[in-house]
Amino acid sequence: MAENGAHDSQLLKGVLSLALMRLLAERESYGYELVTQLHELGLTEIQDGSVYPALGRLERDGQVTSRLVASSSGAARKYYRLSPAGYGALTHIELAWQSLVRAIEPILSRPVPAKPKEALP
Amino acid sequence: MNQVALSTKDRLRIELAVRTVDWELDGRVPMARRRQIRQELRSNLLEAATQVGAEKAVRQLGDLKALAGSYLELYRGRLDFRAGAFWAFISYVAIQVLGFALFFAFHAGIAAGGSHGGSYSFELWPGFGPFAGEVSASGNSFQVLLGSPAHLLLVMVAFSIGSSYRRVLARH
Numbered sequence: 001m002a003e004n005g006a007h008d009s010q011l012l013k014g015v016l017s018l019a020l021m022r023l024l025a026e027r028e029s030y031g032y033e034l035v036t037q038l039h040e041l042g043l044t045e046i047q048d049g050s051v052y053p054a055l056g057r058l059e060r061d062g063q064v065t066s067r068l069v070a071s072s073s074g075a076a077r078k079y080y081r082l083s084p085a086g087y088g089a090l091t092h093i094e095l096a097w098q099s100l101v102r103a104i105e106p107i108l109s110r111p112v113p114a115k116p117k118e119a120l121p
Numbered sequence: 001m002n003q004v005a006l007s008t009k010d011r012l013r014i015e016l017a018v019r020t021v022d023w024e025l026d027g028r029v030p031m032a033r034r035r036q037i038r039q040e041l042r043s044n045l046l047e048a049a050t051q052v053g054a055e056k057a058v059r060q061l062g063d064l065k066a067l068a069g070s071y072l073e074l075y076r077g078r079l080d081f082r083a084g085a086f087w088a089f090i091s092y093v094a095i096q097v098l099g100f101a102l103f104f105a106f107h108a109g110i111a112a113g114g115s116h117g118g119s120y121s122f123e124l125w126p127g128f129g130p131f132a133g134e135v136s137a138s139g140n141s142f143q144v145l146l147g148s149p150a151h152l153l154l155v156m157v158a159f160s161i162g163s164s165y166r167r168v169l170a171r172h
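In order, the protein sequences belong to chains A and B.
Using the working numbering, the first residue of the first sequence is number 1, and each one after it goes up by one.
Using the working numbering, the first residue of the second sequence is number 1, and each one after it goes up by one.
Among these hints, one or two may not hold up.
[Unchecked claim] Restricting the straight-line Cα-Cα distance to at most 27 Å, the calculated cross-link-like pairs of lysine-lysine (DSS-like) are:
hint: 1; chain 1: B; residue 1: Lys9; chain 2: B; residue 2: Lys65
hint: 2; chain 1: A; residue 1: Lys13; chain 2: B; residue 2: Lys65
hint: 3; chain 1: B; residue 1: Lys9; chain 2: B; residue 2: Lys56
hint: 4; chain 1: A; residue 1: Lys13; chain 2: B; residue 2: Lys9
[To be verified] Footprint (simulated), chain A over chain B, 3 or more residues, beta carbon under 8 Å:
hint: 5; stretch: 62 to 70
hint: 6; stretch: 160 to 169
Rather than coming from a laboratory, the hints here were simulated on the basis of the structure.
Every residue, glycine too, gets a C-beta built ideally from N, C-alpha and C.
Next comes chain B alone, as it looks inside the complex (with noise of 0.2 Å):
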């Protein structure tokens, strides 16, 4: 079979499939593993460029995301760090609604009582930062906690169970 050169833009087009699938296992493969592939891949798509074409090697290899899917069922690591950090940014989020939701519903209280002058302040768990605020009975200032040490507690056991749910619920 005659051997085709490979021009820049064949490179490109076959790193940047190697890059597709390894983004995919990104944060969920050990590094050492995910190199492997990479290697693995891009050697293989090279000489198949040889051989048939840049754009035919990659088209042979088949749908990127089930090939990476292929390999994510093979090596998933321990923790799947995407998923973690995708529920503790979830977390987070809802803990901030939630604190704002409780801190408008204290405000509104206070408008409903008529009082007037000085400062209120509350807080739902004694300790526990995220569900406190403080209100200035004017209605002209007002402060809830965007972060606390409550804050990453919370955010780190959604983190922790993001990350490995996966994993337990496959063992069971």
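So here's chain A without its partners, still in its complex pose (with noise of 0.2 Å):
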């Protein structure tokens, strides 16, 4: 998380599919109600226009199928869940952003020097 709290968009998007596949295995869901569970844990940078598509890549790829849901509101919703492949993908991915997480984080919990070093000649 940056210094005043907003996301690095560039990580988000890396990350997106990620956080999707694992609401989808928690439950079935559809593009906006995804987009508010993702703003409510605290994913607020995250535009519905990054996530249609990366439901659609995600489908594309074989992770999750859809269906197609009356809804109140007149035009149907297309609910997403995860597929047995997302969910062998799912345990990939999480196991490769854990070890990934581990890489990095002795990294980020050294000290910084005040002042960077000068450059060999």
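Take the two lone chains and join them into the complex the hints point to.
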């Protein structure tokens, strides 16, 4: 997290699929509901317009499946759920993420010198 | 969260956003896929609008062209009809410009040669329509083909290259 509490958009982009897959592993959901869940979890910088194509990408790659359900607003909602292949991929990505965090953590925990050392000639 | 009742203006605003995205996909993404995208976008926007208002719901989508670009990246069809039509048009204009340039050069040549009476015609490549013309010696009437089987052939070649080159380049 940055000093002002905002998240780096490039970092968010990288972990968006993981976050969506993790939420969909808990229960079937649709685009806007997933957006509001992400916002409630503090990822308020994530725009709706990046979530919907990300869901499409997961569906194209076979990680999620979808079905249309009639809604009170008139237009049918597209509900997504994690596919069996998605569960396998999620386990793999979660392990990769945890491994990455473990590798980065020691670097970030080092004290930062007040002034960078002079560059070698 | 309180639900906001949607006015006709709100619904129009949502439909405009959906159609703006859809317009960028026109001719590039298969029709059935476009219908699915429109349906999902509309449904999500309507729900968002009842929560936060239509204006904010549309704003939350972010840049609509960027959104359409993400969909294009995902669902681009085998042929890009829009790019194909553009290059077909450009090639037709180029053919006509070249045809007229040849005609005026020919016309100037006749005038410089001091020819009188009769009509003169030229054909750069026999049987290849666009690059042929006819001019009367007085210069009062002339004829240049605006359409011919050769026009059609060149325009079709431009269309097929223009509509598929992006996919071919992406493969390499």
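For each hint, the structure was consulted:
no.	hint	verdict
1	B:Lys9 / B:Lys65	22 Å, holds
2	A:Lys13 / B:Lys65	18 Å, holds
3	B:Lys9 / B:Lys56	14 Å, holds
4	A:Lys13 / B:Lys9	33 Å, violated
5	62 to 70	holds (count 6)
6	160 to 169	violated (count 0)
Of the numbered hints stated above, those contradicted by the structure are hints 4 and 6, listed in ascending order.
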